[in-house]
Amino acid sequence: MGLPLIHRLKHRNDFKAVYEQGKRHATSHLVLIVLKDVSSHVMQLSPTRFGISIGQKVSKKSVIRNRIKRQIRGAIRALLADIIPGWRVVVVVRPPAVECKYEHFLQEIKTLLTRAGLINGH
Numbered sequence: 821m822g823l824p825l826i827h828r829l830k831h832r833n834d835f836k837a838v839y840e841q842g843k844r845h846a847t848s849h850l851v852l853i854v855l856k857d858v859s860s861h862v863m864q865l866s867p868t869r870f871g872i873s874i875g876q877k878v879s880k881k882s883v884i885r886n887r888i889k890r891q892i893r894g895a896i897r898a899l900l901a902d903i904i905p906g907w908r909v910v911v912v913v914r915p916p917a918v919e920c921k922y923e924h925f926l927q928e929i930k931t932l933l934t935r936a937g938l939i940n941g942h
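Following the working numbering, the numbering of the sequence shown begins with 821 at its first residue and continues without gaps.
Treat the hints as calculated values from the structure; they're not laboratory data. Beta carbons are placed, not taken as given, at the ideal position from N, Cα and C, and that holds for glycine. Honestly, I wouldn't trust all of these hints.
Label-pair restraints from in silico Cβ distances [to be verified]:
1. Arg828 <-> Arg887: 14 to 24 Å
2. Arg832 <-> Asn886: 18 to 28 Å
3. Val858 <-> Arg887: 32 to 42 Å
4. Arg844 <-> Asn940: 13 to 23 Å
5. Val883 <-> Pro824: 17 to 27 Å
6. Lys921 <-> Val858: 32 to 42 Å
7. Gly875 <-> His831: 14 to 24 Å
8. Glu923 <-> Val883: 15 to 25 Å
When you get a sec, could you build the whole thing from the sequences and use the hints?
Structure (C-alpha cells):
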C-alpha cells in the first residue's frame, strides 16, 4: 500500500522546482529536500506531498530499488499524521541505503523531518 494520492508528488515540474529551490537536509543514507508549496498560500493549506528519487547507483536491480521505495513510503505513511501541511518533499536515496531495514528508514526520515521543521511539535 502506497501513499494516498493527495500526498504524492508526481509531476516532473514539481520535482524540478524542489531540486532547484528546496532546502537540503542529509544523513548518511537519505537526503531530504523540502520546499514550501506555493499553492498553499490560499486560505486552505494543501497536504504535504512526497516524492522518492532512487537511481541505479543505489542498485542495478529494480527489485532492490522498489523494496527500498516501499519501505520509505511505509515510513512516511507512519509519520503522516504528525507532518505539517503545505510542503513539497523529495527523498533522495544514497547508495549505502541498500543494507538498511524499515526501522532504520523510519528513524532517519523522522530525524530529517524534525531537522526540516515539518513535524508537529518540533
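Consistency of the hints with the structure:
no. : hint                          : verdict
1   : Arg828 <-> Arg887: 14 to 24 Å : 19 Å, holds
2   : Arg832 <-> Asn886: 18 to 28 Å : 20 Å, holds
3   : Val858 <-> Arg887: 32 to 42 Å : 33 Å, holds
4   : Arg844 <-> Asn940: 13 to 23 Å : 22 Å, holds
5   : Val883 <-> Pro824: 17 to 27 Å : 25 Å, holds
6   : Lys921 <-> Val858: 32 to 42 Å : 36 Å, holds
7   : Gly875 <-> His831: 14 to 24 Å : 19 Å, holds
8   : Glu923 <-> Val883: 15 to 25 Å : 21 Å, holds
Taken one by one, the earlier hints all hold for this structure without exception.
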